[in-house]
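J.: Chain by chain, the residues:
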Amino acid sequence: MPISDEAYAALEAIVGKENVSRNPAVMDSYAFQWLAELVRPELSHFMPRPVAVVMPGSTEEVQAIVKLANKYKIKVKPHSTGWYHWAAPMYDDKDTMQLDMRRMNKIEIDEKNGIAIVEPYVIHAQLHAEAIKRGWTCNIIGAGCSCSVVAAACAYMGMGPGAYYMGGHAENVLGMEWITPAGEIVRSGSLGSGDGWFNSEGPGPSVRGVIRGALGQRGGLGVFTRCAIKLVHWSGRTDWPVTGTIPAYRLPVDETQRAYTLAAPDWDRWADLYYKIYDNELGFIFHRQFNLAGADLAPAFWLMYTDPTKKLSDVPAMVADPEIAELTEEMRISFQIVLSGRSVADIELQDQILDDVLAETGCWKVERFCDKDMAEFTNVYLQRLGHKHINFVWVGGYIGSWMQIGTPDWVKGYIPTAQAGLARDAKDGLLVQCGGDAMMGPGSSYPGGGGVGLEQFVSYDPNDEASTRAGIKHMEDAITDALSIGYPPGKEAMYLEMGHSDDRTFKKWAAAKQPFTFIFQRKIKEHYDPNDIGDRMYNYIPEEYEPAK
Amino acid sequence: MALEDFKADALRCTRCSYCKWIPFDLVKSHDYAKGCPSVDYNKFHSYSAGGRLITMLSLMQGRSEVDDDVVDIAFKCQLCGNCDVACKVCRYDMEPLAGIKEFRRTLNEQGKVPAAFPKLIGNLRSAGNFAGLPQAARRGWTEGLGLKELAPGGAAAGAAAPVLFHAGCRYSFDPTLRSKVQAAAKVLTAGGLDFAVDPAEACCTGKAYDMGYRDDFAAGAKANLEKWAAAGVKTVVTPCATCFWTFKRLYPEVAAAAGLEVPEILHTTQMADRLLKAGALRPARRVSLSVTYHDPCHLGRQGEDYEAWDGKEVKIYGQAVVYDPPRPRYNGAGGVYDAPRDVLKAIPGIELIEMERSREAAWCCGAGGNVREAYPEFNAWTAGVRVEEAKSTGAEALVSACSGCEKNFAEAVAAAAAEGAPAGDLKIYDVLELLEQSL
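Going down the list, the sequences are from chains A and B. Letter by letter, the first sequence follows residues 257 to 805 of the working numbering. Letter by letter, the second sequence follows residues 4 to 442 of the working numbering.
Chain A with its partners taken away, still in its complex shape (with noise of 0.2 Å):
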């Protein structure tokens, strides 16, 4: 139901007039989400409406909001840059407030000891951008740097494509901002002692274990105002010279760094050459990223993408360029690398073990994308990761199916699988049909490798009913396809989750093999949460769902 005037008069206090809306169509552009047509009742692309919109300047002015949330009943959903389904409003009949972070958005770098303090609203790109300037760097997340790292590091996952090398957020995050649903303001690791960011678990609270984990909380518990993230030593040159126009730039590749797109004959050759990489820790940036727009098509593409004369319209005959053909055949288990050396000695000796290893697994270059084009504009995708948008460059609906974490031996156990799907999903043209697999993902998601994983790229189209609706029918097939072969469901999972109901979802929780886990953070959130104003995106069972002793 609408929020009362009192209420609303009350945030209007808080946070200034300007900065708070009731009005239905401001209130539909927060409601508007990716994914939403999938899990929302007649494919409706609308998220349940939040009764409000807010936008804090402050911690103060967000532990107020919380605390006034808790007086008068409503739910709290927080997000930065607002890009997922989860990041809206869940549930239909309970009123939630949306809290949009854009006000807070400083960023403060701590040069010495390689330390960011950033604000929600501080996206990759802009970390990114003062990082190198003073001969840092940093991860940025496999959705791209148009993210927040608040959110990243505090709520979701926080892996890329550069996590092999310098650690994902979980790792990296030093020290937290946290309001609690009850509206304390939590301050984690040295923070909380008054020592500074420099530590996220103490002197102080170590509370990273409790409010993120692996996956985060999507919002569902409380709201981060600030975080400490570790930046990485960057060798390469500070001033970011990048070239060319719209929409495909360069960045000259440094004489103490790499691009290259390596291939294998086969998976199981793909899975060796993994794991050589990772016992000579090679690698500083490392993802199979070309792929996502399908083995068949990704080649042309990119060639395509590359030349700013040309467009989506001249793939086919692209595609049917003998040449391109052929390329596409060389390079149909392929993946992108970048090196990085702390001086020419050192990349010359990372490209020598490099070819020893392609020679050793019988894997190679290829060269037409290791040329000095393709190189460069291979660089600036995978440095600043600001293209990740084109997973929706064939009509605007992408999902991203499977992505089940593990070694590469355990990785391409499902790939046969996956691939198959997709064929079989497709094959009646309701999905894009770009060929054989069009999975993409970190060479490991985990420092020093290991943690691979690959998400089957699966594109339809949102205006479209039927297109649509194969989506669902993919991610449902894709389920069932998983645990065929032994394997658990991936992401799709977790996006037609957000359609279920609680008592479908807790239902499904309490029967999973480690329920214990869902207990326990029961019992976080009736300590943290007393009037439960977050939402099961933060996961746990009520009591009355638990199983039986």
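Bear in mind the hints are in silico, worked out from the structure with no lab data behind them. There may be inaccurate statements among the hints.
To be verified - Residues of chain A clear of chain B, computed beta-carbon distances all greater than 12 Å: (1) Val-374; (2) Gly-391; (3) Ile-646; (4) Leu-739.
What the hints assert, rightly or not - Mimicking EDC-like on lysine to aspartate or glutamate, the simulated pairs with C-alpha atoms at most 16 Å apart in a straight line are: (5) A/Lys-389 to B/Asp-34; (6) B/Lys-315 to B/Glu-7; (7) A/Lys-567 to B/Asp-34; (8) A/Lys-567 to B/Glu-316; (9) B/Lys-79 to A/Glu-274.
Predicted, not measured: the structure shown is a model, and the values here were computed from it. All C-beta atoms, glycine included, are put in the ideal place defined by N, C-alpha and C.
Got chain A; can you put chain B on it based on the hints?
T.: Below, chain B alone, put in the same frame as chain A:
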């Protein structure tokens, strides 16, 4: 077009918010990463291009109704086109800028416009210009220059003028900009260009198009095209970026409907660049000045060549969207960026320092989309942000090539000076003013 024609764009928007930033590969700092003045000033997502598409969808689906907030959402935007550039870094099936313009036209047809608009359009209808000034005042800037004039009746009166210099309303009427348009005319004269001015010059009416008064725009465009055709005009050269864009990008559709031709359209910086490269202009006098150049939206990212298109969406590979025939891709790649820079580089003593947000990623001056008239505070804020950025380069002067930009920047610098802010000592020039100084 109709609002419904942009429903697919809205449904295919993913709320990625790329439209709020400059292309990410170009981001060089925290402070100058933002690209959309509208959402940066008004804050709510509705004020971004994606937010506007969603608002349009919400209206189309009957989820909300047009009220004052919605009018604000539609019109409190400079139409600078950064959103279009940033969106199209990754998308080939979205036209956010065109969608916003259709949103405005639709609301205008319902009589839902900002309070300032009725008077503005009334001025155009009664006086022939948005300022409502008498036509006789338009000629003041030509005094003492000895310029040829297009004879009344044009070619029929026996005074064919292959090259017409179109000053534009703001340059013509605003005495604070007079030296700039005069400098442009002097430069072209010095380069030996045989051109004429039109003593009965009429408004380009591009602003009417952006306000949603499409009939007023079309009538004005047709009248100008007919006059030029009668006078045998082969080339129109203008110092005003908005006139340039209007002639180049908007007139062709009117011309096609009326069976008329659009002459060659050049900005004065392009013509000067031609004259320089042909050796007709030889800047010799040193102009010792460090400058930064501001790309006007209508000359830069929106200054691309017009391509006629009458096609439809088709699907390949099952669902991938393409267009038959291929749809023009206006993404800023083909804007006019190099000509003004080449002119500046040809001037002895000029040191050109780029701002972080330049070329297709330039931050708007604030004046576009009739924001200057309808939302003066927002206009001033936007200009203030830009002059601060210009000042941060260390340049002594901010140079541009558009009457709206130059007017806005002059006022922003004055405001900064009044506040004692660093940008208060920036000098504001037109590119051709500096070139003229060097001749």
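J.: So, for every hint listed, does it hold in this structure?
T.: Outcome of the hint check:
Separation of A/Val-374 from chain B is inadequate, the least Cβ-Cβ distance of about 9 Å not exceeding the 12 Å criterion. No beta-carbon of chain B is positioned within 12 Å of the beta-carbon of A/Gly-391; the least distance is around 15 Å. Interface exclusion of A/Ile-646 from chain B breaks down, the closest Cβ pair being 4 Å apart, not more than 12 Å. No Cβ of chain B approaches the Cβ of A/Leu-739 within 12 Å, the least distance being about 27 Å, so the stated non-interface status holds.
Our distance criterion of 16 Å between C-alpha atoms is met by A/Lys-389 and B/Asp-34, whose separation comes to about 13 Å. For the given pair, B/Lys-315 sits about 15 Å from B/Glu-7 by alpha-carbon distance, which is consistent with the 16 Å threshold. A hinted pair counts as satisfied when its Cα atoms are at most 16 Å apart, and A/Lys-567 with B/Asp-34 does not qualify at roughly 33 Å. Among the hinted pairs, A/Lys-567 with B/Glu-316 is consistent with the structure: their alpha-carbon atoms are about 14 Å apart, no more than 16 Å.
Simply put, B/Lys-79 and A/Glu-274 have alpha-carbon atoms about 15 Å apart, close enough for the 16 Å limit, and the pair holds.
In the structure shown, a violation is registered for the earlier hints numbered 1, 3, 7, in ascending order.
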